[in-house]
Each structure stands twice: as C-alpha cells, then as structure tokens.
Amino acid sequence: MTIISILDLIGTFVFAISGIRMAAKKDLDIFGAAVIGFATAIGGGTVRDILIGSESITWIGDMTYPIVILSAIPFTYVIRNRLDDINKPLFLFDTIGIALFTISGMEKALAFGLNPFMAGIMGMTSAVVGGIIRDILCREVPLIFRKEIYATACLMGALIFYLGIYFEIATNLNYVITTGVVIGIRVAAIKLDLSLPKMKV
Amino acid sequence: MTIISILDLIGTFVFAISGIRMAAKKDLDIFGAAVIGFATAIGGGTVRDILIGSESITWIGDMTYPIVILSAIPFTYVIRNRLDDINKPLFLFDTIGIALFTISGMEKALAFGLNPFMAGIMGMTSAVVGGIIRDILCREVPLIFRKEIYATACLMGALIFYLGIYFEIATNLNYVITTGVVIGIRVAAIKLDLSLPKMKV
Amino acid sequence: MTIISILDLIGTFVFAISGIRMAAKKDLDIFGAAVIGFATAIGGGTVRDILIGSESITWIGDMTYPIVILSAIPFTYVIRNRLDDINKPLFLFDTIGIALFTISGMEKALAFGLNPFMAGIMGMTSAVVGGIIRDILCREVPLIFRKEIYATACLMGALIFYLGIYFEIATNLNYVITTGVVIGIRVAAIKLDLSLPKMKV
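Line by line, the protein sequences give chains A, B and C. Position in the first sequence counted from 1, then plus 696, gives you the working numbering. Position in the second sequence counted from 1, then plus 696, gives you the working numbering. Position in the third sequence counted from 1, then plus 696, gives you the working numbering.
These are calculated hints, taken from the structure and not from any lab test. Fair warning: there could be bad hints in the mix.
Which copy is meant is left open, so a pair is good if it fits within one copy or across any two.
Taking lysine to any residue and the SDA-like style, the derived pairs with C-alpha atoms no more than 20 angstroms apart in a straight line are [stated by the list, open to error]:
#, residue 1, residue 2
1, Lys804, Ile746
2, Lys804, Ile753
3, Lys721, Arg835
4, Lys722, Lys896
5, Lys784, Gly860
Model the full assembly from the supplied sequences, consistent with the hints where possible.
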C-alpha cells in the first residue's frame, strides 16, 4: 500500500464522518447516517467515473471503501464528546482529502484522454460532489456554494498539479506541492476571512 | 410472462402511484405527477444499472414500463376517493415491490460479477433510490431516512436471499422466503413500533 | 459551423444565464454561479447521454461548451441593469433552446436505436433536466413542475419532429417547423394563461 492510497482512505474516512455528523444533526437514524456517510465519501468519485466513461466505478468491487466508511459510524459515535477537540485534525484531514481527491480524479481523467482543463474540472468534481450530494440529501443549500474558498482551492491545486506534470516534476514531489497549495489556500482563506465576491445581478 | 415479472410490474405500478400521490399532495399538475411517478418507479433500477456498468438501462427499450407507469395516473385519479380503503393492499404491494426490486437488483449485480456484499447494496439501491429521488424532487427529507425499518428490511432480504443461493435452495422457494422475510420485518416494525436508534453525535 | 450548432450554443448560453441569475438571487458567490450555470446548461444532455448509453458525454472533450458557459458570467454581470429590457429576447432564445435541445436529444436517441416514444422522452429530458438540477441545487421546487406548459411544448415538438421524419420532410424544414411549434405552444400558453390541470387525489 502506497502512502497515497493510505491518505486517500483517510480522506474517504473523514468525508464519511462529515456525512455522518450532518445526518446526526438532522436527527436521522443509524441507517440514514450510513447512507449519507457513504454518499458523501464516494459521490464525487462516482460522478467523475460516470462522466469520463470509466467502465467500472472505483468503489464497486473494492471492499476497502465500504469497510472504511462503515467503520466511521462507531468511530464518530465513540468520539462524539471529543469531536470539538479534534476539529483541527479533522479539518486538516478533510483538506488533505479534497487535495488528494482532486489529484487522483485529475490523474484518472488525464489517463482517459481528457484535456487538462476538463481533467481539472473532473478533479474538482471528485473532491466536491460528495459534499453537494450530502447537502441535497439533508436539504441544505450546498455548503460549497455559500462558504469558504473550498472549490477554488481544488481548482488551484489542479492547476499547480498540471504545471507539475508539464514541467516534469517528480510525481511524489508534485503530490506534496499540490496538497500544500490546497491546504495553504484553504487555511489562508479562513485566517484572512477571504471569500469570493457574491454574484450580483 | 413469469409470476416474478408480473409481480415486478405490480411493484413498478405501486411505486408510480406513490410518486403520483406525493405530486398531488404538492399541488403539481398532471405532467409533474407523470414525471415524479416515472422517476419513483424507475429511479432505483436506473441508478443500479449505471453503477454496475450495465450497457443498457432496463426500462429503455421496454415499452411495458412507461405503459404501466402512465396507466397509474388515471388509476390513481379514478380511485382517489377510495385510496384510504385500499391502503392495506397498497402497503402490501409496496412491500412486495421492494422485496422483488431487492431480489432482481441483487440477481443482476451478481450476474455482473459483484461480490455478495456489493450485490446486496445494489439490491437495496434498486428498492429505495426511487423513493429518495421522489422526495428530493418534492423537497421532502427522504422518508427512508426518517421512518420505518424500510431499507433494513431490504438488507435483511438481501442477506436471506444470498444464503438461499449459497445453500442452493430452489430459486422460486428462495423468492418466496425472501419476500416473506421482507414483509415480515416491515409489518413487525410497524405493529411493534420498532425503529433504528437515532444517530446521536 | 452549421446554423443548428450555432443555435445550439445560443441555447446553451441562455440556459447558463438562467442558472447564473438563479444563483445570484440565492446570494451565491461567483464560483457557485459558475457551477450552477454549468449544471443548468449541460445537465439535460449529460443525463440523456448516460441513459442512452452513449460512450462519451457530449460536452466532455469539447471546449466550446465551457467557453460559452463561462462567458455567460461576465455577460450577465455587464447587462445586469438591463436584464429587464432583454427579457423578451432571453425568453425567445430560451424557447429556441428547449426546442433545439429536444430535437438534438431526439436525433441522438434515434441514432442509438431507441423507439420514437423513448426518443421523445429523451428529447424532453435533454431540454428540461438542466433546469430541474438548477432548481434542486438552489432548493426550489422545480419550476417545471409548477408553471408554464414547458415540458408539454417539448413533447409536442418531439411528436411533430417525429412525424416530420416519418413523412420524410426535408430535415432543415423539419427543424424550423418543430421549433415554430414549440415557440407557438409556449407563447400561446402564456398569452392565454393556459396550464395543465392539477393532479387532484
């Protein structure tokens, strides 16, 4: 198992937790929490795979994903009183998660012959669509449309990652730089209270 | 036509009715009712077919489905004053519907080479996603996340059905047992007011 | 570039504007507006392509679409104070848009071997699903379920278009007649305040 695939599973785990917490806030039962955790964790990759015409969806046939996702339920329950204490590592892993989902989504799209612009869109799709599905299922206006420079961080990461490929930077270094850029933008956006201008019409 | 395919069409018909009734409650016009009836009846099978990578979606190219679904509109209208009288048979057919959708979804997924766990998830997907789409289109928090041990009955049915395959029980008998288990769980859940514990975080 | 493909891009552009305006009304930022404009413009064609089993999604790999869609953002911003003045041409282009999306969706579905009824459904899907996705993302009850004989105009257009094929009318003439019928029905529905009867159950 490579470091990348371990971090990818950590991203999946953290995404599942965000779905489960939202489900709990909405007073759903354990089954609802499992479905929403699942949808949050695999939604982005699934939509990407369908759009790029992949013959099979990543998580189908790979039991690691459901095991990781379902194990997020007892984990979230056990640490429920300490969730506030671990907000910072959760935030960090979540940001690493979207960085890695962006990278792996982009790599897959490039392998399917998409041009860099479309591949970047697919990378962002992998990272953000799970959260959009979570918010629709829970009847929230998707968070991504309202707060934080979340998707912008993904797009910038996709740009940096592609530049890394273009200038033939070593792949592992490229992973690290891209993830660093995504984390940097997101942290800066929160610390400096940056946000995109409203669309005024 | 086999008994299974007849029951499958009855399930489709009953699912369409549930979509049409929800549309009527939301004050939609006939077209809206038709679309929501359609989406409720074929949503689950469509998502399953997309996820398992089936080359064609079941209902595309089979006119039986739209005929059955569209005929649910005049039917629902004609019996509108007697719907309360037929709540029990509707409930029964609905439960038979989710049992059969679970079974047929699972069989298709197994035929596509999915492992039993994933096939069970796909069986449940076939049975419940139509209702989730109906509720999203009508801006309700999906019923399945709030009430009745609905999806749990599907999952238990999937488990029983797989055990039946494993122990090489005759297929028709396996259908009957599985459907019985799903009906039993759902009826018991309502009579005994069972529900899954809330996810508390 | 044919006249049809130019009108198709105008339709895409107008659909994107409708998404962007809705996003602005919901107080979203520029990124949210871009995503919702994109989803509105390409949603219908994407769902159609997935349902008919097309190997690739139309807009993936064709940079014209994102360029047209993204250019709708500065355009909408620049003319924001004059949007009321151009409501009539916007309405006209929107109606031409749904007519052309219906036609092109139907042609693609027929080319994939669907029967005329299913091809008509796929034509309507191409025309209306983008707006449904826009409304779900913005937490509105889909407009199409509440107002205007919108989808009915698409279905009538699909019927006329198929009759044109059946009676071997010249293709360009068939385009013009179909678009005229769709525009006529929609204008008549608004002028005469026509609407479909409510589904009363």
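Now the hints, each set against the structure:
Taking identical chains as interchangeable, the C-alpha atoms of Lys804 and Ile746 lie at most 20 angstroms apart whether they share a chain (12 angstroms) or sit on different chains (19 angstroms). Taking the shortest Cα distances, Lys804 and Ile753 sit within 20 angstroms of each other both inside one copy (12 angstroms) and across copies (16 angstroms). With identical chains, the CA atoms of Lys721 and Arg835 are at most 20 angstroms apart both within one copy (12 angstroms) and between copies (18 angstroms). Taking the shortest Cα distances, Lys722 and Lys896 sit within 20 angstroms of each other only across copies (10 angstroms), while inside one copy they are farther apart (31 angstroms).
Taking the shortest Cα distances, Lys784 and Gly860 never come within 20 angstroms of each other, neither inside one copy (29 angstroms) nor across copies (48 angstroms).
When held up to the earlier numbered hints, the structure conflicts with hint 5 and nothing else.
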